[in-house]
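Q: Residue numbers (our numbering), protein chains in the order written: chain Y, 1 to 244; chain P, 1 to 244; chain B, 1 to 244; chain S, 1 to 244; chain F, 1 to 244; chain Z, 1 to 244.
Derived by calculation from the structure, the hints in this document are not laboratory data.
Mixed in with the good hints, there may be bad ones.
Where chains are identical, the list cannot tell them apart; a pair therefore holds if satisfied intra-copy or between any two copies.
Said to hold, decoys possible - As a list, the in silico BS3-like pairs of lysine-lysine whose alpha-carbon atoms are at most 27 Å apart:
#1 Lys50 to Lys151
#2 Lys228 to Lys151
#3 Lys228 to Lys30
#4 Lys30 to Lys5
#5 Lys228 to Lys50
#6 Lys228 to Lys172
#7 Lys53 to Lys228
#8 Lys5 to Lys151
#9 Lys4 to Lys30
#10 Lys53 to Lys4
#11 Lys4 to Lys151
#12 Lys53 to Lys151
#13 Lys5 to Lys53
Protein chains: 6
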Amino acid sequence: MSGKKTALVVSAHAADFVWRCGGAIALHQKLGYDVTVACLSFGERGESAKLWKQPGMTLAEVKAARRREAEAAAVVLDVHDIQFLDLGDYPLDFGPDSRDRMVDLIRAVQPAFMMSHSLWDPYNTDHMNTTRFVLDCRMIAQAWGHNPGQKVLGAPQLYLFEPHQTEQMGWKPDVFLDITEVWDKKRAAIECMAGQEHLWDFYTNVAENRGNHFQRNSGGQSGGRASKYAEGFQAVFPRTVDEL
Amino acid sequence: MSGKKTALVVSAHAADFVWRCGGAIALHQKLGYDVTVACLSFGERGESAKLWKQPGMTLAEVKAARRREAEAAAVVLDVHDIQFLDLGDYPLDFGPDSRDRMVDLIRAVQPAFMMSHSLWDPYNTDHMNTTRFVLDCRMIAQAWGHNPGQKVLGAPQLYLFEPHQTEQMGWKPDVFLDITEVWDKKRAAIECMAGQEHLWDFYTNVAENRGNHFQRNSGGQSGGRASKYAEGFQAVFPRTVDEL
Amino acid sequence: MSGKKTALVVSAHAADFVWRCGGAIALHQKLGYDVTVACLSFGERGESAKLWKQPGMTLAEVKAARRREAEAAAVVLDVHDIQFLDLGDYPLDFGPDSRDRMVDLIRAVQPAFMMSHSLWDPYNTDHMNTTRFVLDCRMIAQAWGHNPGQKVLGAPQLYLFEPHQTEQMGWKPDVFLDITEVWDKKRAAIECMAGQEHLWDFYTNVAENRGNHFQRNSGGQSGGRASKYAEGFQAVFPRTVDEL
Amino acid sequence: MSGKKTALVVSAHAADFVWRCGGAIALHQKLGYDVTVACLSFGERGESAKLWKQPGMTLAEVKAARRREAEAAAVVLDVHDIQFLDLGDYPLDFGPDSRDRMVDLIRAVQPAFMMSHSLWDPYNTDHMNTTRFVLDCRMIAQAWGHNPGQKVLGAPQLYLFEPHQTEQMGWKPDVFLDITEVWDKKRAAIECMAGQEHLWDFYTNVAENRGNHFQRNSGGQSGGRASKYAEGFQAVFPRTVDEL
Amino acid sequence: MSGKKTALVVSAHAADFVWRCGGAIALHQKLGYDVTVACLSFGERGESAKLWKQPGMTLAEVKAARRREAEAAAVVLDVHDIQFLDLGDYPLDFGPDSRDRMVDLIRAVQPAFMMSHSLWDPYNTDHMNTTRFVLDCRMIAQAWGHNPGQKVLGAPQLYLFEPHQTEQMGWKPDVFLDITEVWDKKRAAIECMAGQEHLWDFYTNVAENRGNHFQRNSGGQSGGRASKYAEGFQAVFPRTVDEL
Amino acid sequence: MSGKKTALVVSAHAADFVWRCGGAIALHQKLGYDVTVACLSFGERGESAKLWKQPGMTLAEVKAARRREAEAAAVVLDVHDIQFLDLGDYPLDFGPDSRDRMVDLIRAVQPAFMMSHSLWDPYNTDHMNTTRFVLDCRMIAQAWGHNPGQKVLGAPQLYLFEPHQTEQMGWKPDVFLDITEVWDKKRAAIECMAGQEHLWDFYTNVAENRGNHFQRNSGGQSGGRASKYAEGFQAVFPRTVDEL
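Let the sequences and hints guide you as you build the complete structure.
A: Structure below.
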């Protein structure tokens, strides 16, 4: 393990990390973090409509195509490491083996912070089930009696990244991150998602409007700092500080 | 206006700032802030039972006694400035004059952050009404058309400090502040509250247990930083950051 | 003041106490309590449609008619005392005078428990504003410095009685009271409300179904005690007990 | 009163109706409704920063400028009638006179539905206070004893339009309205707001993304109807229907 | 697949669909829908107390008896198709096989809307687990990669029908459906439930009182449409409309 | 089965019952109840850091040590019976066998009330999963068709005991129990927890401060009964009473 700070993003399907926290990834890489992305599935069954509409398509081809897209996006975002757990999707398999693999990964990475989906998502239960799974695995990784001798996990913050319809998911951001300086990378990563071109502008709009919220919360017309592009996150745990 | 950072605490009754954020005040003074405390009332009618049980007690005497206690506590905490608005208590008077005075104070202080009570308190409606009043005044202080020419307010965070029964008030802390190095000052300020001796140990317990929570959230037995005494706060607005 | 236990019901409009807690009133009178009902208004403007549809109707006549109905219902329910504060309705006047009168009444009654409306009611803001008013007055009545020398109020429970559309009001009962033995009185009181005959069966249905809920929560088919008629209440404050 | 269907939008400040429901207004005008807009204030103090930064600006000039903008936008949106109540802003005056004027207006319009702000807004208490005021006035307008002889109000739905930071306001849309066919009008109305040019693209983004949500909820890639621009609303009251 | 509109009701136990949405079923059949009911279990273990109290009763007999009741009720309600998945109850088996069968059924029916239980039910976890299961299956049925070639599901609304104690379940209706014209069918279906005679009048009361709520929300005494019997539902997803 | 009243505490890990409801246990034993404690696991993996830091430690030794501590505490608290289900921890095994054993235990005990963890706990999902498991088992134990012939369960209250960070768990106490007279036993039981000495004073502070809350809610300075030590609980179900 290096002395570098690390972060771990857990993405239910291959593309989630791009839309939802691509800026945070690129920015923290730039800040010197090693950011690992864990894709639990390729989204091969539920999030690849465009591919399945092609005649003769097979599951293996869809998975390969989705993997290529995700890897390309990871390169653009300077992701330190991307892991594909291939747990299947719609629904994901969260059995004991999946759990052990995820706990191993968490312990290997020893993240300063983690990221995953919103706590509620009636449109896509893979998303909310992933977050429950992440909470389970975070807890196990903290247990001194789990694989004794391994370095146990501390208490990394779990940030919930922005879902597609925030209000329906009961998601409320409590921190906005300025991603202006890495926006080009995020847009380039988004454009790796050939199968979901209808979302490129959607998430550009999101980033612009979160930039407006950044400025609004940093003081607005009374001296607030501008941000052209931002991402929002909801923290699960309280922060511990020496100055407010 | 100096170039120093400033903060403003709005306390419904004279003693509230001591129990609820005395540590934050002393700590931020030490960090170089100028912290102003605004006591909307002396708590002369509703929070001075011990005094009223004395025969022949008058309102003026109660107010004077409570003021002395608050001033003594302010000295111990190194408060930069303490203002008594004398709005009466049980209930407080939140009329236009009160509002104008509070807006003037906010603009004069230009706080980097503000503090006040929880959003709900069925035991003491003065508390929750104060927070609504603070939100009103913060908004007015931001208006370019209110006393044009004055420096308008930016977008300071409003921290809600810990109420007496947190769960009944729907208050949930999202930040813990380590106050260990100024604990002696907070305890000394607490002991200025001669009329509420039954609460001295109560709030010492609170500070110790919040210290435990600080450590729990900073990593616990897996490398978390210890804190012997802490205070918890709930932020009303999202934060804006350049690193998570 | 006698040594009897007392209770105080605060009803925004003249008839509210009948539909919402007529059973609790009659039952506690039978149990030896002195129950006082405070009607803040007659519901003369907003809850007297049937009267206003009569040609030539005047405000004074509506108030008198509503008063007669409420007094008749109070007699049937064995109400110890009924007070009409005549604060007007739609909206109610909650000014300083109203407040002082209500605080005086609370102190005079020294209730073991109080009752009022739900905390939220978008259909009828008089209802929710009444509960905020009651919380204000309860707090003032507890203040040693309000009219020093008077007996201050303890910490009576505030029960929120059942609103007309429970789910829209965010009202959730945490206690069901068996009113079977006084049901005849409640039904008779309900029938005093000549102007709202369309609600007689509605509230009979409510009482029957709450009786079913009573049995369900006391053990249902596995030995639960039956109740033919019940009322539900939501407590604002925690209880203090020596046995669970 | 004509036999046409009507609607009433209550806007705390002059420009609110444009950003938040300009599409709904233009669309319902096209559908044959008469839509009335009530601007409680001009936003002259709190929402006119750009004007106040001009040297020598006066309150009267700001109000006139804001009125011109709002009137121009109303023309573009085909608003049936726009009323300026001039209640002052930051804060608004919600006294008895304001209330009587609003009740009169509601009764005159007899709206099939009403619109106003979110129930919570810690950034701008004028907004949430307006909605409480609207609920009060809606209730009074329903009272047979308020100005007897006037036609009383039925039970129009109250839609809460989209606030600037939805998640912070606890606002959750339960209906999306396709405004594609009137988008040009909304954009043109938005461009009447010379003083807030920084928001033109923000609300264009919102409309585009709500269009995506419209499609997502109408079936998405599995036959959902496309919408290029949409607006979201939260209903306060349940609907009553003969078919789901 | 015919060109008719369809609906799918998912009932944890055999009788649930009768009490909770029997009116909606009969009404939509009358409106030309084909309504399919899926009973996940017969409620043979947990909801058949009366049968089990008979000496010598067997599981097979209980299931047969409950099936007969449910089928009889389905006939009375004109149910298009009733399916018994026989997953066991207390608890239900929600394993992969159950899931595949439910997804197949959803795709076969292609419902315009679906119905199931409330999201929370501490009394009966079968109920809330069913709704989570329905959300899972709805998502899978939408996946282009699940059984490629089959017609994928659109985005049908999921209505949550009324639980036995609405407030304890956190259930809040946002739509009331007038079932007056099919009430006789619902009552007849209810009377097929010989084992739960104690609930016949309970759910008649519910229907009458929801009829009152229907009228209250459609305008009440000011021109609201009367409804003698109604059912309430809570929608999980937002609606998409062209007119409010 | 004796005619004595009984209670059942379900503790995810061996020590939970001591910190969270040791007072309630000792008090109800004194009141004549037979209180059974079910420890689902020993907390051997996740709550035994101090032991695992010893070189050469084995799982069996940790379990034995934790069992000894729990048994010693149970003796001090006069626990009627303590059962170790040994389901493993981090995570617990909630499979069909575990469920059957718990249902058998519930039916054997026939508790007048039950106790378990908060409904939400992002730090420790074992805790919240235990409560869901308890709700499942309580439901099954009520089923007449589960092991027909056995005595079915009534409707015991489920009290949620105090978690470590109440506000983060969304836990809100609605009853405070005075445990002053058995405090010595609770403190002695706490001191049996050699491995978690850092929590001894934490939970003493909690008990003292809940004692203050007890007094506050029983009348405070206006005649409220003092309590030196108390425990708080949140009831899941409504109460059924004959007097408020």
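Q: Quick check: which numbered hints come out false for this structure?
A: Per hint list: zero violations.
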